[in-house]
Every structure is written in structure tokens, then in C-alpha cells.
Amino acid sequence: MWDWDYAEFILPKLLEVIPAALAAALAGFMLASLLGLPIALARRSRSKWIALPVAAVTEFIRSTPLLIQLFVLVFVFPTSFGITLSPFVAGVVGLGIHYSTYMSEVYRSGIDSVPKGQWEASIALNFGKVRTWTRIVLPQSVPPTIPVMGNYLITMFKETPTLSAIMVVELLMTAKVVGSASFKYVEAFTLVGAIFFLLSYPSALLVRALERRLQRSERRTLLK
Amino acid sequence: MSQNNPKDEHDKPLVSYRKITKSFGDRTVLKELDLDVYPGEKIALIGPSGSGKTTIARLLMTLEKPTSGTIEVEGEMLWLMPRKGKLVPANEKHLHRVRSKIGMVFQHFNLFPHMTIQRNVTEALVHVLKIPKSEADERAMRMLERVGLQEHTNHYPSQLSGGQKQRVAIARALVMQPSVMLFDEVTSALDPELVGEVLDVIKGIASQGEMAMILITHEMDFARDVADRILFTDGGVIVEEGTPEQVFQNPQSPRLQTFLSRFLNGSSDGRTGSRVAAGAEQ
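Protein chains in written order, with the UniProt record's numbering: chain R, 1 to 224; chain D, 1 to 282.
Check the hints yourself; a few may be wrong.
[To be verified] Derived pair list, reagent style DSS-like, types lysine-lysine, alpha-carbon separation capped at 30 Å:
id : chain 1 : residue 1 : chain 2 : residue 2
1  : D       : Lys12     : D       : Lys203
2  : R       : Lys116    : D       : Lys31
3  : R       : Lys129    : D       : Lys130
4  : R       : Lys48     : D       : Lys65
5  : R       : Lys129    : D       : Lys133
6  : R       : Lys116    : D       : Lys12
7  : D       : Lys84     : R       : Lys129
8  : D       : Lys93     : R       : Lys116
9  : D       : Lys19     : R       : Lys116
10 : D       : Lys130    : R       : Lys116
11 : R       : Lys48     : D       : Lys93
12 : D       : Lys65     : R       : Lys116
13 : D       : Lys203    : R       : Lys129
14 : D       : Lys86     : R       : Lys48
15 : R       : Lys158    : D       : Lys84
16 : R       : Lys129    : D       : Lys101
17 : D       : Lys19     : D       : Lys101
18 : R       : Lys129    : D       : Lys86
[Stated by the list, open to error] Residues on chain D that point at chain R, a partial pick, calculated with CB under 10 Å:
id : residue
19 : Glu92
20 : Arg99
21 : Gly103
22 : Val128
It should be emphasised that the hints constitute simulated quantities derived from the structure, not laboratory data.
Ideal Cβ positions, reconstructed from N, Cα and C, are used throughout, including at glycine.
Input sequences plus hints: build the corresponding full structure.
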């Protein structure tokens with residue numbers, strides 16, 4: 001059943017594509033984090049003309065599959081808008097935009113967790129809107145969301161196989177190609193699973209450690 | 001209105017509430033309230049919970065908008081500003097200028113938890129009043145000494161007791177040098193043994209300050225010691241007002257009499273009884 005020699009033979013080929021998968025996940029994550037905040041702020045806007053359209057678009061993106069969005073980026077954009085993206089860039093943009101809608105909810109929960117009294121103290125001390133956000137609200141709302149964000153990074157990494165549909169070379173696709181050359185799929189797919197696990201699980205542990213550290217950070221600052 | 005204080009006749013009021021009504025949904029918490037506060041005057045607002053006294057403070061701090069009526073601070077409307085001979089809704093700039101004359105201390109302190117005590121006090125000096133960092137630090141230090149917390153400048157709010165937190169909050173509001181300061185039940189969230197230190201700090205400020213103060217409080221002894229004028233609110237209106245002597249020793253309205261007697265018999269809390277006893281029993 002299981003052919004060790006063969007597994008050893010294909011492993012380097014699989015490992016070769018790890019950097020691309022990681023890079024796509026990381027770049028997509030950064031894009032999602034960057035876009036998530038303005039989306040969260042726009043949805044809170046008092047102007048219905050801003051809040052409602054943004055809400056509609058984000059809900060639409062969140063309720064449709066990533067795969068379809070990737071197809072739109074790769075097949076519709078070049079013909080309809082004259083925008084041609086390389087598969088990797090399209091993958092990053094697709095991942096980033098798709099997950100920015102989730103990330104905006106993470107930011108929203110962080111912002112909502114700031115007590116009303118903090119806003120009122122900001123008014124009483126005469127802070128303007130911008131200063132209230134940058135110095136009072138956001139510094140308090142982002143740190144508690146870091147663990148959740150870390151989990152999204154891991155989720156996005158596990159989502160990278162979807163990118164193979166638009167010809168971004170990634171693990172699962174590589175395994176399929178490698179497997180089809182000899183029809184020994186067991187080794188190829190098992191190894192891919194193991195690789196995902198070995199990269200994701202330590203990251204999950206890391207996120208948990210980060211979470212504990214954040215909870216302690218208050219006490220730690222004192223010791224300095 | 002302020003017949004009890006002769007100097008008031010000549011001064012212009014610092015703050016004027018005119019026919020202020022405030023409703024939340026179909027609940028009206030203030031009904032056509034008129035109130036003048038004069039420069040340097042110390043006013044205590046007493047009354048049962050839900051009588052609208054906190055709303056009086058929150059309206060002046062612009063945390064709430066009146067349903068109808070106007071509030072003037074040094075002759076300027078709070079929510080309206082003149083433009084081309086007409087009054088139009090105030091913009092941020094106008095609100096910003098009027099707010100700079102008002103300070104507030106909250107029941108739940110509302111310190112910034114991610115900043116040290118020092119930065120809690122300097123933050124608005126540096127970023128609102130644009131005072132250089134070094135001078136802001138000096139001013140903050142002086143203010144923290146005044147409330148007895150100079151040892152704690154590098155601590156975070158979570159490391160302080162409730163009484164200490166509230167003293168920081170007082171320093172933070174005071175350092176902005178407002179013309180009128182609102183104290184909204186500042187000892188209600190404190191453990192009984194921590195109430196005294198906070199009240200002492202406020203008494204100290206009151207005794208030396210040119211600053212007007214509006215004190216919303218359930219501490220009757222404190223109100224009598226500090227205030228020039230006591231207002232008793234109930235059901236969204238000012239039922240009775242006068243000097244501490246008049247209000248505590250000779251209450252006219254049945255509602256005030258009932259309110260004060262509840263403090264006297266204060267069965268739920270022994271302390272409250274003694275707080276008012278000295279004033280009311282004579």
C-alpha cells in the first residue's frame with residue numbers, strides 16, 4: 001500500500017511549493033487586515049449613503065464562494081475591464097478581498113468591546129473624532145482581536161488549495177500532478193495533509209501563546 | 001433665582017439652561033428646566049435616582065442633545081451657532097470651543113486603560129491643547145501631587161484602587177482648566193472606605209477654586225459642606241432650591257422632606273443616615 005521510497009521521492013517536489021502557498025496566505029492576510037478596518041469603519045458610518053452600500057457589498061462577497069470570486073478576477077476582469085493579473089496576484093487579491101469581509105467583523109467586535117465610557121471621556125476631554133479613534137478607541141480595540149486574526153491567517157493558509165483553480169501552483173495541485181504520473185495518490189495526498197498539519201498546528205499553538213501573553217501584558221508593562 | 005447669593009445679581013451666568021426638555025423615547029427625564037450657574041459657584045444636585053440630575057450634567061457636557069430648549073455657556077449656545085444673522089446647527093469647531101470650558105468626572109472614572117496615569121493626564125494637554133510634552137508633563141505632575149498620586153505616575157489604571165482611579169480622573173479633568181466642572185456621582189461606584197479620600201480632594205479643589213462646580217451626589221454632608229446652593233430634583237424638575245441651611249434644616253416641599261427623611265432612616269445603609277443627620281436634625 002504505502003511506498004516509503006516513493007514518498008521520499010516526491011517529498012522535495014511538494015516542499016518546493018510551500019513558500020508559494022505561505023506567501024499567498026501571508027500577502028492575502030495582510031491585504032485582508034488592511035481592507036478590513038476601513039470596511040468596519042464605513043459600516044459604522046452615520047451616513048446611510050456610505051454604510052449601506054458597503055454593507056451590501058461585503059455581505060455579497062462573504063456569501064459567495066471564494067472560487068467564483070477568483071474566476072471573476074482571472075476570467076472576467078481581463079475581458080470586461082482590461083485588467084489582467086498574474087495568477088499569484090489574482091490569488092492574493094481574491095483571498096485578501098474575500099477575507100477582508102471577515103476581518104472587518106473582527107475589527108467591529110474589537111471596536112464594540114470598547115466601553116461607552118471611553119467615548120464619553122474622549123468627548124469630555126475635547127478630543128476630536130480622528131484623535132478619539134487613533135489614540136483612544138483603536139489602541140484598545142485591536143489588541144484583543146490579535147488571536148482571532150491569527151486564526152484567520154491559519155484558515156487562509158488552509159484555503160490556498162482553492163488558488164490552484166486559477167493555476168497558482170500550490171500543494172494540493174502539485175500532489176495531484178505528482179500522483180497522476182504514477183497513480184500513487186495515497187503517498188502524495190497523505191504527505192500534503194501532513195504538511196498542512198505540521199505548518200498549521202504549530203501556528204495555532206503560537207496564536208494561543210500570543211493570546212496568553214496579551215492577557216499578561218498589563219502586568220508585564222509594570223515590571224519594566 | 002439666586003437670591004441667596006448677593007454677588008450673583010451682578011454677575012452674568014456662566015451657564016444657562018433655558019426650558020430644557022429631554023426625553024428618551026416616550027420617557028421624559030427633564031421638563032422645561034431653567035438653571036443658571038454663576039462663575040465660581042458650587043452647586044449640588046440632590047434627588048432620587050432617575051430624577052434627571054445626571055442628565056443635567058450630561059447635557060452640558062454634550063453627551064446628550066436636549067429634545068428642546070437651549071443651553072448657553074458664556075453667552076454662546078451649545079448646539080447652535082450664529083451664521084449670517086441666523087442660528088444654525090453647531091459644527092465640530094464650535095462644539096470644540098464651547099466644550100473647552102467644561103470638564104467632567106464620571107461615576108465609573110473612564111480612565112484610558114492602555115495609558116499610564118501620567119499619560120492619562122497629559123494626553124489631552126498635548127493632543128487637544130497642543131501644549132509641548134515637557135510642559136504637559138510638569139503640569140500633570142503638579143496636578144497628580146495635588147490629588148496625592150505623584151508616586152503612581154508610571155502605573156496603569158488597573159493597578160490602582162477605585163479611590164485612586166477617581167483621583168486620577170479628577171486630575172485629568174482639572175488639568176484642562178475648565179470654567180465649570182461636572183462631578184457625576186463620583187463616589188457612587190466606590191467602596192465605602194474609599195469615598196472619603198475622593199471627597200477630600202474635591203473639597204480641597206472647591207475651597208481654592210475660581211472654577212464653578214456642579215456636584216451630583218448622594219453624600220449629603222459633603223453637599224452641605226461644599227455647595228453654595230443645593231438643588232433638589234425630582235421627576236425631571238427642580239422641586240426646591242436654596243442654601244444648604246434652607247434645604248437641609250427647613251425643607252418646604254413634602255417631596256424633599258420625604259427624600260431627606262429616607263436618608264435619616266436609611267435602613268439599607270447605616271452610613272447614609274449619619275451623613276444627613278447633622279443637617280436635618282437640628
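Which of the numbered hints are not met once you compare them with the structure shown?
6, 13, 15
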